[in-house]
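Novice: Spelled out, the chains give:
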Amino acid sequence: MQTDPEEQSFAASLRDGIQELKGERGPCPSSEELVAFSEERLAAPDALRVRSHVEACGLCDVLVGRLAKAADRPAPDAKAWWRVWRHLWNPVVAYGLAALLLYPAYLGLKPRVSPRALEESISPAISIPSFSLDSQRGAGTAAQPHVVRLKDQDKSFILDFFVPMSTDRRYFAEIRDGSGRTAVGRREVVSGDSPGRVSLVCRREAFVAGDYTVTLTEDSTGRRFEYVFQIE
Amino acid sequence: MGMAGRDGPADVPCLRADDEEQLARGFEDCRPHLMKLCRRILGQADGTEDAVHDTYLRAFGNWSRFDGVNLPGWLSRIAQHICIDQIRARLPVRPLDEGDEPVTAGEEMRRVTAIQIRTILGKLPDQQRQCLKLFYIEGFSAKEVAKATGFTEKQVKSYLQNGRRNFILEWEALKQKP
Chain A
450 MQTDPEEQSF
460 AASLRDGIQE
470 LKGERGPCPS
480 SEELVAFSEE
490 RLAAPDALRV
500 RSHVEACGLC
510 DVLVGRLAKA
520 ADRPAPDAKA
530 WWRVWRHLWN
540 PVVAYGLAAL
550 LLYPAYLGLK
560 PRVSPRALEE
570 SISPAISIPS
580 FSLDSQRGAG
590 TAAQPHVVRL
600 KDQDKSFILD
610 FFVPMSTDRR
620 YFAEIRDGSG
630 RTAVGRREVV
640 SGDSPGRVSL
650 VCRREAFVAG
660 DYTVTLTEDS
670 TGRRFEYVFQ
680 IE
Chain B
547 MGMAGRDGPA
557 DVPCLRADDE
567 EQLARGFEDC
577 RPHLMKLCRR
587 ILGQADGTED
597 AVHDTYLRAF
607 GNWSRFDGVN
617 LPGWLSRIAQ
627 HICIDQIRAR
637 LPVRPLDEGD
647 EPVTAGEEMR
657 RVTAIQIRTI
667 LGKLPDQQRQ
677 CLKLFYIEGF
687 SAKEVAKATG
697 FTEKQVKSYL
707 QNGRRNFILE
717 WEALKQKP
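Protein chains in written order, with this note's numbering: chain A, 450 to 681; chain B, 547 to 724.
Just to be clear, a hint being listed does not mean it is correct.
Computed list of lysine to any residue pairs in SDA-like fashion (alpha-carbon distance at most 20 angstroms, straight line) [claimed, not checked]:
hint, chain 1, residue 1, chain 2, residue 2
1, B, 669, A, 497
2, A, 518, B, 590
3, B, 693, B, 638
4, A, 471, B, 660
5, A, 471, B, 585
6, B, 693, B, 606
7, A, 518, B, 721
8, A, 518, B, 578
9, B, 703, A, 497
10, B, 669, A, 607
11, B, 689, A, 456
12, A, 471, B, 664
13, A, 600, A, 578
14, A, 600, A, 579
15, A, 518, B, 692
16, A, 518, B, 632
17, B, 693, B, 585
18, B, 693, B, 589
19, A, 471, B, 687
20, B, 721, A, 464
These are computed hints drawn from the structure, not numbers from a lab.
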């Protein structure tokens, strides 16, 4: 097997010891025992026996080494953090990140616009008219329609009303026109800031001029509340 | 070699539908981890898919032995067993006396005993120790050592050369001790 004389001499010098080793090491442990050994789960006498074998067996030594290597790799999270950290050394990333972090501080130092001025400046763009239907509330009573007057630029409007809502029940609202056609399909409503105060946001395009009824149904009892309004 | 164990052939041929679903779901969650684990142990991508597939089959067959606590841990152990069996299966196993040549008398190194070999090998770097063991104790060729360790043949030859040199140095140092 060995051609180099030095190598031959080396092999020959080990031969007796190797024969002795092979004689005392016994059969290879099962894969289960080897895994348990590498995880240090074996009882002391078994661990000693397996260790003694591994010391004398090339293949088991390699296998234990591989098991240990597979278990000792850094966790993916740690590697991911290292990748992020390494990117921070890139000046472009570092300056970009610094600018991003300083921007909120800059906003904090900038003179603030008064709330009123802010409201005035944005109100034309986000103004949504709101109409209270409270005066028309009534269960099964003859309700007087509330008039909803919309401007040409109004894309949406809010119907605001109060219902005696129970916190443990669910409520669904639906809006139909005078002929029973659905303008706004059944949807669940929840109370806003104060208990029982409901605000329905409606899209203008779903409505034409005419009478409409908002029906609010209490899911478990079937109790209904109706609110009538008229679009001009 | 060493195939039998707690994860050996199945006692229970089939699983209840919910158990099967639990195993399948758990296995799919663990699949990337198992792939990585098997690739690391096998030292190559070759055979990784097979090992992971065998892990599922063995887990399926041994479901009754799963304690229900740590499915990823259980699957990992099965995968480790399978990888070990796979590595053992693809390497040659030689009888004890194969390759032995008549011992040449009069060489000083002949007096290296089993206990000295253990001691000296334990002091060598992992790669050198593993290559020396496979080459001299198991009688593998450099090519077979490369296959077993995952090193290239060139690396194996280098580890063997350095390993021999370090072994002799360690042995000489050992002889100096009273």
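Novice: Each hint should be assessed against the structure and marked as holding or not.
Specialist: Outcome of the hint check:
1. B:669 with A:497: Given that 20 angstroms is the threshold and the Cα spacing comes to 19 angstroms, the pair holds.
2. A:518 with B:590: With a Cα-Cα distance of about 14 angstroms, the restraint between residue 518 (chain A) and residue 590 (chain B) holds, given a limit of 20 angstroms.
3. B:693 with B:638: holds, 11 angstroms
4. A:471 with B:660: holds, 9 angstroms
5. A:471 with B:585: violated, 30 angstroms
6. B:693 with B:606: violated, 31 angstroms
7. A:518 with B:721: Violated, at about 34 angstroms.
8. A:518 with B:578: Holds, at roughly 18 angstroms.
9. B:703 with A:497: Distance of about 32 angstroms is beyond 20 angstroms: violated.
10. B:669 with A:607: With Cα atoms ~83 angstroms apart, residue 669 (chain B) and residue 607 (chain A) exceed 20 angstroms; violated.
11. B:689 with A:456: This hinted pair holds, its Cα atoms lying about 17 angstroms apart.
12. A:471 with B:664: holds, 12 angstroms
13. A:600 with A:578: Answer holds: residue 600 (chain A) to residue 578 (chain A) is near 9 angstroms, not above 20 angstroms.
14. A:600 with A:579: Holds, at roughly 12 angstroms.
15. A:518 with B:692: holds, 17 angstroms
16. A:518 with B:632: holds, 17 angstroms
17. B:693 with B:585: With Cα atoms ~14 angstroms apart, residue 693 (chain B) and residue 585 (chain B) stay inside 20 angstroms; holds.
18. B:693 with B:589: holds, 9 angstroms
19. A:471 with B:687: holds, 18 angstroms
20. B:721 with A:464: holds, 18 angstroms
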